[in-house]
Amino acid sequence: MMDLDPVLMSRLLTTITLVFHIIFATLGVGVPLMISIAEFIGIKKKDPHYTMLARRWARGFVIPVAIGVVTGTAIGLQLSLLWPEFMQVGGNVIALPLFMEVFAFFFEAIFLGIYMYTWDRFKKPMTHWWLSLPIVIGGGMSAFFITTVNAFMNTPEGFEIGGDGFAAINPLEAMFNPATPTKVFHVLASAYLTVAAILAAIAAFGLLRKKTKEYHKKALKLTVTLTFIFAIFTAIAGDVSAKFLAEYQPEKLAAGEWHFETEGNADLILFGWLNEGNEPEGVIRLPGLLSFLAYSDFNAEVTGLEEFPEAERPPLWIHYMFDLMVTIGVFLLGISFLYLLLSKLKRWNENNKFMLWMLVLSGPLAMLAIEFGWIYAEEGRQPWILRGYMTVEEAATTSPYVGWMFVLFLLLYIALGVIGAVVLRKVFKNNPVEDELEKKYPTIEKGDK
Amino acid sequence: MNYEIIGISVLWLFLYGYLIVASVDFGAGFYAYYAKVTKKDHIMNQLISRYLSPVWEVTNVFFVFFFVGIVGFFPDSAYYYGTALLVPGSIAIILLAIRGSFYAFENYGSKQSNLYMFLYGATGLLIPASLSVALTLSEGGFITEENGKVALDYLALFTSPYSWSVVFLAIVSVLFISAAFLTFYAARANDVAALKLVRKYALFWATPTIIAALTTFIALGQHNERHYQNMFNYWWMFGLSVGFFMIAMWLIYEGKRYGLAFISVMLQFFFAFFGYGVSHLPYILDPYITVYENATHESTGIALIIVFIAGLFLLIPSLILLMRLFLFDADYVKGKK
Chain A
1 MMDLDPVLMS RLLTTITLVF HIIFATLGVG VPLMISIAEF IGIKKKDPHY TMLARRWARG
61 FVIPVAIGVV TGTAIGLQLS LLWPEFMQVG GNVIALPLFM EVFAFFFEAI FLGIYMYTWD
121 RFKKPMTHWW LSLPIVIGGG MSAFFITTVN AFMNTPEGFE IGGDGFAAIN PLEAMFNPAT
181 PTKVFHVLAS AYLTVAAILA AIAAFGLLRK KTKEYHKKAL KLTVTLTFIF AIFTAIAGDV
241 SAKFLAEYQP EKLAAGEWHF ETEGNADLIL FGWLNEGNEP EGVIRLPGLL SFLAYSDFNA
301 EVTGLEEFPE AERPPLWIHY MFDLMVTIGV FLLGISFLYL LLSKLKRWNE NNKFMLWMLV
361 LSGPLAMLAI EFGWIYAEEG RQPWILRGYM TVEEAATTSP YVGWMFVLFL LLYIALGVIG
421 AVVLRKVFKN NPVEDELEKK YPTIEKGDK
Chain B
1 MNYEIIGISV LWLFLYGYLI VASVDFGAGF YAYYAKVTKK DHIMNQLISR YLSPVWEVTN
61 VFFVFFFVGI VGFFPDSAYY YGTALLVPGS IAIILLAIRG SFYAFENYGS KQSNLYMFLY
121 GATGLLIPAS LSVALTLSEG GFITEENGKV ALDYLALFTS PYSWSVVFLA IVSVLFISAA
181 FLTFYAARAN DVAALKLVRK YALFWATPTI IAALTTFIAL GQHNERHYQN MFNYWWMFGL
241 SVGFFMIAMW LIYEGKRYGL AFISVMLQFF FAFFGYGVSH LPYILDPYIT VYENATHEST
301 GIALIIVFIA GLFLLIPSLI LLMRLFLFDA DYVKGKK
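Quick mapping for you: the protein sequence lines, in order, are chains A and B. For the record, in the first sequence the residue sitting at position 442 is 442 according to full-length UniProt numbering, with numbers rising by one throughout. For the record, in the second sequence the residue sitting at position 275 is 275 according to full-length UniProt numbering, with numbers rising by one throughout.
With the rest of the complex left out, here is chain A (with noise of 0.2 Å):
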């Protein structure tokens, strides 16, 4: 009992830096590029209202980059505090994208500190509009190489078993893992998608609240344009996901769909809940959908959860995010795509207040559906580490402390969420939108309210 006790505190103390972290992680990826664009239109269009947009957004940025830096700090130290021997033997591999990921960060940090200070130091505002390059790609490089970590430890390959732990190791083989092109799609598709869908339910609540119209109008149709182009997108990494499931990690595919026994024709199977006898009730089954989301095609037989061994399967609470992930995605899809239609339509008014409290609605949805979908992810190669090589189990820390370092950093979280959520709300509320517009560009008319 000694022994399993840090285990499960490893774990806990792991999944509430992660949850805590993503959060961030996923602004942090996504905002650079909604500043860039919006930036870029401002001086195309000579149109100081996404000007405006960017600065905004880009002072806003500054709080939840900051959060995420020490979070990322966190859990990169937590690695090795809490799974000493997972990094012993696996950082072997995983150390050279570790390593990039860092020098990704490096970059994008020097970056976003020039960016955010040299507003008005150039005389081209386009010399201003390059340095925000760096920084999206700079935060997309870190996605990328993080997610190859992460792949890895889904897929390992890239080394053989020698007599101590790995041998011939292969560092880029390693990186470049089966579940790598799918998971930075993934990735990087639904970072985008939740950081559009935020920005959009900003704009929607300013409209609620019929302030500055202009601007937040414009606001909106941006970002839900940008929302439905990243929601196709995220689709299609959904649908090649779920196919390179079926082919590499089948146990996953199968627990989060409830499908025990290998057959052709697979149903698909949304919601509902399981009964004493583990069998699904209440559900909404699409005849032979499974097979056709694993291989294209209607009768391709999906491996069932039946062919694992009882030790090697994940638990089979993961069927729930995988279906809130997906039904969220779907929402964000049709939403949007509902929004750009009445917008099409001159009839209709898009910015009716339904569709407005429902665009409110998404971009916290979007960011659950972030949360779901990687619960899903991480529970569904349980009871694995490293799928196939070491169980968590055998991964963790033996230091008696862990207990008590979880409630510190549960402390921690809490307090940096709360007080970062203030003092956003106190950057926009002390300066709101028109008395800044009208500051900087005073040749804007009055009547735009």
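No wet-lab data here; the hints were simulated from the structure. Do not take every clue at face value.
[Said to hold, decoys possible] Listed next, the in silico EDC-like pairs over lysine to aspartate or glutamate satisfying Cα-Cα at most 16 Å (straight line):
1. K196/B to D41/B
2. K149/B to E350/A
3. K217/A to E85/A
4. K210/A to E85/A
5. K149/B to D5/A
6. K221/A to D47/A
7. K149/B to E85/A
8. K426/A to E436/A
9. K149/B to E394/A
10. K213/A to E436/A
11. K196/B to E254/B
12. K426/A to E106/B
13. K221/A to E394/A
14. K213/A to E393/A
15. K440/A to D120/A
Chain A is already provided as a structure; the job is to place chain B on it using the hints.
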């Protein structure tokens, strides 16, 4: 030269980089708070926040770089240090988290919160203290391994004169390096009032720094005889260190060439730090980890070095751009931009 030695040298260089940039940052935080308490904040704060705002995130990366690098090059260090450092390491992370985020809260959010300033200042001294534990542990004698279980001997750690002298040295060095940098920065900004103040700090903290260095040296002699003897083989490095210290002090005392003075301070710590490091070899953690026996596989090691060189081509121009825009742009420093 083999890849293990290149690896540890690169890592040591980054730790040195962190030592300098973080000291400036940590010390500045403390001085900013101290200025507020002593009602001198109108003199100091403009200067400090203009320098710190664009660079605080970069500082953090030096640190991440080091610990990711050491685990990469020497995976066994994750096993020993990871287990032993759980508590001090977690505390350091929490302090860093408080410091980093509260800096952003203070500067971009609500104006002038005393609590944020206090946390920012206090963590500036506590972080070097908690991080220096890792260096103390590397001398051996504090980590035990029984039946495959690694544990940290807290009693030995808290009762060791060596560990306390390291903590003391870390804190006073931070204050000294930071004051020397701020003296240079204030001189560049032609900020006479701030210059007078920070120059006084630099002169004041010089003495405890040199005393702490000496006591640490003596305490190390009692704790790790091998390392102590080894240091005499590199006596010239410590000699150079003292020499540069004297040049720096003379320049600051005379009140001229503050830029050169700060470079001398950097060289002073460079030689002391590398003298300490090279005499520590071949051990990374005495007696469990050595550079040769516990290095990563050659293919990974070489890949890391290649990436490192490629990364430098990206980083150095960016860092130069950052410094030209904020550090050496006279108008910016003076607050005109």
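Of all the hints numbered above, which does this structure not satisfy? Sort the numbers upward. 2, 3, 4, 13, 14
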